[in-house]
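Q: These are the residues of each chain, in order.
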Amino acid sequence: GAVVSQHPSWVICKSGTSVKIECRSLDFQATTMFWYRQFPKQSLMLMATSNEGSKATYEQGVEKDKFLINHASLTLSTLTVTSAHPEDSSFYICSAFRGNTEAFFGQGTRLTVV
Amino acid sequence: GQNIDQPTEMTATEGAIVQINCTYQTSGFNGLFWYQQHAGEAPTFLSYNVLDGLEEKGRFSSFLSRSKGYSYLLLKELQMKDSASYLCAVRDGDYKLSFGAGTTVTVRA
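Which chain is which? The protein sequence lines are A and B, in order.
Just so it is clear: in the first sequence, position 16 is 16 by this note's numbering, and no numbers are missing.
Just remember that this note's numbering sits 1000 ahead of the position in the second sequence, which is counted from 1.
This is chain A alone, in the form it adopts within the complex:
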């Protein structure tokens, strides 16, 4: 079964609204989680590293104020897309390492902004 759970799987929202995506590690603690975005037929682009108890680290070009990340506990990280616009429509995926080599991905969230 899944060891990293992501919710929701898909969401449609109106332009200007905010959407929260949750990522949970189910049977292990993850001090660090990663958020990716993937456009159709493209690879995963790392957006940010979520750190439990501290601020997230964002990749170059990713707007911190637009993509809010909160890692409130050792098993939960959230990504909030604020004031969403159609160009934010994408597939968002989180991941976490269990141990040193096992990297698990959530199921992904398909966001459509209309």
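Mixed in with the good hints, there may be bad ones.
Claimed, not checked - A few chain B residues that don't get close to chain A, going by computed Cβ distances all over 12 Å:
| # | residue |
| --- | --- |
| 1 | A1016 |
| 2 | F1060 |
| 3 | F1063 |
| 4 | K1068 |
| 5 | E1077 |
| 6 | S1083 |
| 7 | L1087 |
| 8 | K1096 |
| 9 | A1101 |
Said to hold, decoys possible - Here are the computed lysine-lysine pairs in the DSS-like style, where the Cα-Cα straight-line distance is at most 25 Å:
| # | chain 1 | residue 1 | chain 2 | residue 2 |
| --- | --- | --- | --- | --- |
| 10 | A | K64 | B | K1057 |
| 11 | B | K1096 | A | K55 |
| 12 | A | K41 | B | K1096 |
What the hints assert, rightly or not - Quick list of the computed label-pair ranges, beta carbon to beta carbon:
| # | chain 1 | residue 1 | chain 2 | residue 2 | range |
| --- | --- | --- | --- | --- | --- |
| 13 | A | T82 | B | N1030 | 26 to 34 Å |
| 14 | A | P8 | B | A1016 | 21 to 29 Å |
| 15 | A | S54 | B | S1027 | 34 to 42 Å |
| 16 | B | G1015 | A | D65 | 27 to 35 Å |
No lab work stands behind these hints: they were computed from the structure.
Just so you know, these numbers come straight off a predicted model, no measurement behind them.
Built from N, CA and C at the ideal position, the CB exists for glycine as well.
Chain B: place on chain A using the hints.
A: Quick look at chain B alone, frame taken from chain A:
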């Protein structure tokens, strides 16, 4: 940062063998991963290499040469269900995974 290159597409016949190459340039290296991704789904883990050499796992094998910045994923006895995108990913010292653009493998009967 990381610079990861892999071919865009490959086509092979059912039962055949396909080798997907990946070259990388990295400022720090802490392992190379291969993932399989079907359209619309999240990636699933296939293999992990951190030392030079070949890792074999069933029909899939992965090779790494750190000095050459090179890896390949070998898929044997291809099945139709192996049609997917295969992603090469390099992990740096901060545990961040950077992905190549992916190689779309099409298996034909």
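Q: Does each hint fit the structure? Answer for all of them.
A: Here's how the hints hold up against the structure:
1. A1016: Since the minimum Cβ distance to chain A is about 24 Å, A1016(B) lies beyond 12 Å and the statement holds.
2. F1060: About 16 Å separates F1060(B) from the closest Cβ of chain A, which puts it past 12 Å; holds.
3. F1063: Answer for F1063(B): holds, closest chain A Cβ roughly 17 Å.
4. K1068: 22 Å, holds
5. E1077: 25 Å, holds
6. S1083: 15 Å, holds
7. L1087: 6 Å, violated
8. K1096: For K1096(B), whose nearest Cβ neighbour in chain A is about 6 Å away, the distance does not exceed 12 Å, so it is violated.
9. A1101: 5 Å, violated
10. K64(A) to K1057(B): 40 Å, violated
11. K1096(B) to K55(A): 16 Å, holds
12. K41(A) to K1096(B): Distance of about 22 Å is within 25 Å: holds.
13. T82(A) to N1030(B): 26 to 34 Å: Check passed, 33 Å falls within 26 to 34 Å.
14. P8(A) to A1016(B): 21 to 29 Å: This hint is violated: roughly 40 Å between Cβ atoms.
15. S54(A) to S1027(B): 34 to 42 Å: 23 Å, violated
16. G1015(B) to D65(A): 27 to 35 Å: 53 Å, violated
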